[in-house]
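K.L.:
Sequence:
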Amino acid sequence: MLGLGGGLFTFAALFYFAADYEHLTGWKWALASVAVTITVNQLFPASFIFILPAQFGLFLVMWWAHLKNTAQREVERDQRQKDAMRERQQRVSRAREETAANTDWNAQEREREAAAEAAAKERQERVRLAREQREREEREMGKGTGT
161 MLGLGGGLFT FAALFYFAAD YEHLTGWKWA LASVAVTITV NQLFPASFIF
211 ILPAQFGLFL VMWWAHLKNT AQREVERDQR QKDAMRERQQ RVSRAREETA
261 ANTDWNAQER EREAAAEAAA KERQERVRLA REQREREERE MGKGTGT
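Residue 161 is where the sequence shown starts when you use the working numbering, and the numbers rise one by one after that.
Treat the hints with care, since some could be wrong.
Below, in silico cross-link-like pairs of lysine to any residue (SDA-like), each with a Cα-Cα straight-line distance of 25 Å or less [to be verified]:
1. 228 to 217
2. 281 to 268
3. 228 to 204
4. 303 to 284
5. 228 to 214
6. 242 to 218
7. 188 to 199
8. 188 to 241
9. 228 to 289
10. 242 to 231
11. 228 to 241
12. 188 to 242
13. 281 to 303
14. 188 to 213
15. 188 to 221
16. 242 to 261
17. 281 to 271
18. 188 to 235
19. 188 to 224
20. 242 to 221
21. 242 to 220
22. 188 to 231
23. 228 to 194
24. 242 to 227
25. 188 to 220
26. 228 to 195
27. 228 to 218
28. 281 to 270
The set of hints was computed from the structure by calculation and includes no laboratory data.
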């Protein structure tokens with residue numbers, strides 16, 4: 161009917177474009193079609209009628225494998241999404257805990273002001289003590305030279 165070359169390449173092209181249309185790997189389908197056509201021609205020479213059921217069987221096998229792989233990828237994708245969602249929830253809860261631990265901004269500000277005020281009082285006390293010490297020393301020096 162189409163001869164060895166015509167039938168061989170016709171089915172290969174048909175499978176390639178069908179697979180490409182479905183966003184599958186067209187070359188795998190085309191090579192499998194070529195292999196089936198050559199095998200059937202070798203087993204049943206000049207019997208084109210056996211090639212059609214073999215090609216249909218090949219189509220069913222390739223389609224089943226594709227569906228199985230698609231289902232497996234979908235399961236893996238769902239698992240990755242769940243893992244990513246869990247990780248995001250952990251990050252959000254950790255951030256909320258950190259924020260909750262530091263949300264009393266007024267109390268923190270009061271603590272800072274109290275610490276600054278205590279440091280200022282301590283400096284003033286040191287200055288006062290240093291001034292008193294210096295005045296005492298000046299008085300003692302004044303008394304020592306005046307006598």
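K.L.:
Compare the structure with each hint and give your call.
P.N.:
Evaluated hints:
1. 228 to 217: holds (16 Å)
2. 281 to 268: Answer holds: residue 281 to residue 268 is near 20 Å, not above 25 Å.
3. 228 to 204: Cα-Cα ~32 Å, so violated.
4. 303 to 284: Given that 25 Å is the threshold and the Cα spacing comes to 28 Å, the pair is violated.
5. 228 to 214: Given that 25 Å is the threshold and the Cα spacing comes to 21 Å, the pair holds.
6. 242 to 218: violated (36 Å)
7. 188 to 199: holds (16 Å)
8. 188 to 241: Roughly 30 Å separates the two Cα atoms, so the pair is violated.
9. 228 to 289: This hinted pair is violated, its Cα atoms lying about 87 Å apart.
10. 242 to 231: Distance ~16 Å between residue 242 and residue 231 Cα, so the pair holds.
11. 228 to 241: Holds, at roughly 20 Å.
12. 188 to 242: Answer violated: residue 188 to residue 242 is near 33 Å, above 25 Å.
13. 281 to 303: Answer violated: residue 281 to residue 303 is near 33 Å, above 25 Å.
14. 188 to 213: It holds: about 19 Å lies between the C-alpha atoms, which stays within 25 Å.
15. 188 to 221: holds (12 Å)
16. 242 to 261: violated (28 Å)
17. 281 to 271: With Cα atoms ~15 Å apart, residue 281 and residue 271 stay inside 25 Å; holds.
18. 188 to 235: holds (24 Å)
19. 188 to 224: Distance of about 14 Å is within 25 Å: holds.
20. 242 to 221: The given pair, whose Cα atoms are some 32 Å apart, is violated under the 25 Å limit.
21. 242 to 220: Violated: residue 242 and residue 220 sit about 33 Å apart, past 25 Å.
22. 188 to 231: holds (19 Å)
23. 228 to 194: holds (23 Å)
24. 242 to 227: holds (22 Å)
25. 188 to 220: holds (14 Å)
26. 228 to 195: holds (22 Å)
27. 228 to 218: Holds, because 15 Å separates the two Cα atoms, which is no more than 25 Å.
28. 281 to 270: holds (16 Å)
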